[in-house]
Every structure is written in structure tokens, then in C-alpha cells.
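*Asks:* Assemble the whole structure, with the sequences as input and the hints as a guide.
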Amino acid sequence: MNQNVINFFNKIQNIDRRYIYIVVALSIIIPLLIPFNSPTYVTKPTADIYKKVDSFAFDENKAVLLSFTHDASTMPELFPMEVAVLRHCFERNIKVFTICWLPAAAPLVDYALNTAKEDYDVQSGVDYCNFGFKPWAIQLPIMLGMGDDIAKAVETDSQGRKVENLEIMKNIKNYDDMNLVIDFAGSSSAISWITYARARFGANIAAGVTAVMVADNYPYLQTGQLMGMFRGLKGAAEYEKLVDVFAAYESEDYPNGRPYSNEIIKETNVPITGDTIPYKYKKARIGMNAQSVAHIMMIFFILLGNIGYFITRNKG
Amino acid sequence: MFETISNFIAAFLTLSIFSFLYKDNPFYKFAEALLVGVSMGYAIPLVYESVFIPYVYTPIFLSHKFIIIIPALLGSLYIFRFSKNLGWLSRYPIVFGMSIIGMSIPMSINSYVLVQMRSAMLPIDGINSALIFIGTVTILLYFFFSKAHKGIYGKVTNVGIWFMMIGFGASFGYTVMARVSLLIGRIQFLLGDWLGLVK
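Sequence order for the protein chains is E and U. Just so we're aligned, residue 75 is where the first sequence starts under my numbering, counting upward by one. Just so we're aligned, residue 52 is where the second sequence starts under my numbering, counting upward by one.
Hints listed in this document are in silico derivations from the structure and should not be mistaken for laboratory results. Every value quoted in this text rests on a predicted model; they were computed, and no experiment measured them. Each hint should be verified, as a subset may be incorrect.
Said to hold, decoys possible - Lysine-lysine pairs mimicking DSBU-like chemistry, simulated, CA-CA at most 30 Å apart:
1. E:Lys85 with U:Lys74
2. U:Lys250 with E:Lys354
3. E:Lys226 with U:Lys116
4. E:Lys191 with U:Lys74
5. U:Lys74 with E:Lys340
6. E:Lys191 with E:Lys236
Said to hold, decoys possible - From the structure, some residues in chain E lie toward chain U, with a derived Cβ separation under 8 Å:
7. Pro150
8. Thr269
9. Gly276
10. Thr284
11. Gln299
12. Gln365
All residues carry an ideal CB built from backbone N, CA and C; glycine is no exception.
*Replies:* Right under this line is the structure:
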């Protein structure tokens, strides 16, 4: 083997890790500054959640509960999911409730609601309701209590109003009506919902989790205990696309969005460059551009490092 | 104006944390300590407002539900964790909490064990279910330590090791994806909200 090649790999083996940091940072910064249209393939776990949420469209007797079990540290992955689901609900006139179990999650719920409702004529207590922060210690009685009477279990919303008096509660009594709970977390907290709300009351449970937690949650997806799952930033990007293609679609035939179709989602690529879609509704998809470049970069480094390792080891 | 100032502070703190990648420094330590302090400072009044007032103060002093005094006193025994002599008192609320866990055992067995077992016993009707079957059996055999992993048995358990390695690899891949996503989120903030370069 050429001595120059061996010297090169010797240098690579001992390179200062901070150069790697710079390259990884650039591989993320450049795609964010110069976004490009890469295809977003929608997977079944995400599509299943979309279809379930969409089945409640324009139905006054159904509602979705979004449970926020995370703080700001996992926001980059979970926040785009939350905004996308809220946007879907507001587009399709679906009643939506929010609740959080960590003190640090309370402002994130407000932030998500404020971000999504900017473009819609929706009203708190009528179209959506934030139950606010409820302490973790009383999660169990609330989860079980919602199976009988949501208004009794939660009592007041984030603004201190009696939940039972709110207009949104009309025709919404328990999990039979609020038949989908989506838990957003950087942990396996969806298991609590599976254990109490699903096992006892048959509620549909879905999870929006950070990529780290995907492997932990897969067994519950495989058994059907989770009816769907958002898997990290990729899941958020998929849902953003679904909302653009179906819920936010407008035409003469479909003035309020169109129904889900496997054929349409396969054939449609939504361009994310340009100003047609606000940045907040394509944040995950632009992020996935950077994610792809960063992954290619890392694969390259792993291959380079391994080749160098074997060459220098054999020579050593 | 407020947004500009708050974005500037957030950007300064983000860069302070990132500066650790170069080497440990006072800016990093300051940002780290500030995070802990602010988190606690934020949580204490929120918990007071959202827990103590609606679940303790209002029921006892306004609604006169005096029965609430008993769990309130029980809960306040936690404070004795800080006392060397009276620390044993803090075990009572813990014991009460543990007794509640007993209530969830039947439902947990259903979710964690029965449903998982049922889904592992379905007929093998495709490649995925065949892989799950082989993986489950070989990994279970690998963790059976009453027989030496030699000969044919050792080869079978090796298949289990391969399945686990692939599982760990997938898990690690997802972990890398998650960490990169966090970096993307921060850079989106720096480039967008702070510098206004992406909209």
C-alpha cells in the first residue's frame, strides 16, 4: 500500500474531533439556508394517525386529546408534530383538547396552540380547550376518571373555567367520544395511556415520540396497542405533508379538504421551497433535508474511519 | 422589542452551551447553572398555583372538605427526608404511593405481558412474522443460562445475538437521528428567529 495513503489514514485516525463538529454543523446549516425539495415518504404508522384524526372531521360528537409529556429539550422533534396535528384539527373542524403533566410543558402547550391558531378562526372553549398543567401525581385518577366523565376528572381548564360549562364539552363525555389520545413525549409515557385508558376503556392511543424512544415503543405499535406513532422529526415531516396534501387542500370539489388516499399521497410531492407554505408548517420537512445531509456525512465518516482502522491495523 | 431581546438572550445561551464543544468554559457553566435555577424557579410557583391552591387550599379553607387535611399532612411528611433523626417519617407517604401501584397491576399485566404474548403467538403468515418468531425464540434461548452455549445450541443462540445486534444498531441509528434533530432545531432558531436568515 502506498505510504501516502497510510499516512493520510493515520492523520484521519488522530484528527481533532472539533473538525468533525464543524463539518457536521456545516452539513446542517447549508441545507437550512438553501432548502431543496426532497421527497417525503409517508409511512403507515403516521398515516394511521392521520386517518383516525380525519375520521372525526366535522363531527361534533368526537374529539382528540393531545397529551404533552415533555419539556423544551425535546421540542425540535415534538413541536412540529404538535403544530401539524393542531393544524389538521383546525382545518377540519375537529374538537381538540390539550393537557400536560410537567410544569415545563405548560408554556409549550400555549406556544403550540398560539402557533397553530394564528391562521384559523378558532375559539378557546368552543373549538379547542387547554386543560392546562395537571400534576403527574394525579395522572392516574385523571386518566381513569376521563373514562367516566372528563369534566369531573379535569374540573377546570388552564384559564380556571369549569370544564363542564364549556361549549366544546357538548356531546363529549368520556373516551367513547374523545376516542383518540396522542401522547407527545421523549419517553415511553404513552404506556400509561395504554395501561389505563386503552386496557380499561378501549380508547385509541397514539404516540409522538423522539427518535431515541422509537425502539422502546415499537412493541406496542406491533401489538396494536398503539394505533399509530410519529417517529421523531421524520414523523413530523410526514404529517406536515399529509396535512398539506389532504386537510389543507382546497378546490371546488373539496372546499374543506379532501379525504385520504394512498394513491394521491404516493404521487404528490409538495414543494417546500418558496413562500406558498408558511415556514412553521414545513419546519420538519426542511429539517429533514438537513437530517439527510448530516446522515450521509456521518455514514461517510464511519466508512472512512473503518477503512482507515483496518488499513493502519494491518500495517501495524 | 421584547421578542428581539428574548431571542438575543436565547441565542447567547445557546452559543454558550455549544461553546462546550470547543472546551469547558465559564460561559457554559453559567448557562448550565442558569437552566437549573430557572427550571426550579419556574416550577415552584406553577406547582403552588396549579397544585397547592386547587387541591389543598381551596378544598380545605374555602370548601371546608376537612378530610383533605389527612392526605395533605401525609404528603407533607416528605419534608422530613432532610432530617437525619426524623427521616423515617417520609417513608409513610412512599408506602401509601406504593399501595396505589398495586391497583395498576392487573391492567399492567394485560398491557405489558398478555397482549405482548398474544401477538407473539400469532400464525406465521409472512416474512415479518417469521423474523419476529425466529428473533423471539433465539433471543429467549440466548438468555437461558442453565445450558452451556455450545454446539448446535450455541449456533442457535448466536442467531439471537445477531438479532440483538441489529436491534441495538437500529436503536443507535434512531439515537443519532434524535441528536441531529435537536441540533437542527437549535440551528433553525439561530438562523431563523435570531438572525432572520430563514423564513
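*Asks:* Could you run down the list of hints and mark each one as holding or not?
*Replies:* Tested hints:
1. E:Lys85 with U:Lys74: holds (22 Å)
2. U:Lys250 with E:Lys354: holds (9 Å)
3. E:Lys226 with U:Lys116: Given that 30 Å is the threshold and the Cα spacing comes to 17 Å, the pair holds.
4. E:Lys191 with U:Lys74: violated (42 Å)
5. U:Lys74 with E:Lys340: Status violated; Cα separation ~47 Å.
6. E:Lys191 with E:Lys236: Roughly 22 Å between the alpha carbons, so the hint for Lys191 (chain E) and Lys236 (chain E) holds.
7. Pro150: holds (2 Å)
8. Thr269: Constraint on Thr269 (chain E) satisfied, holds at 5 Å.
9. Gly276: Cβ of Gly276 (chain E) sits 12 Å from chain U, so the hint is violated.
10. Thr284: Where the cut-off is 8 Å and the nearest Cβ of chain U is about 5 Å from Thr284 (chain E), the hint holds.
11. Gln299: Hint on Gln299 (chain E): holds, closest Cβ of chain U at ~6 Å, below 8 Å.
12. Gln365: holds (6 Å)
The structure fails hints 4, 5, 9 (numbered hints given earlier, in ascending order).
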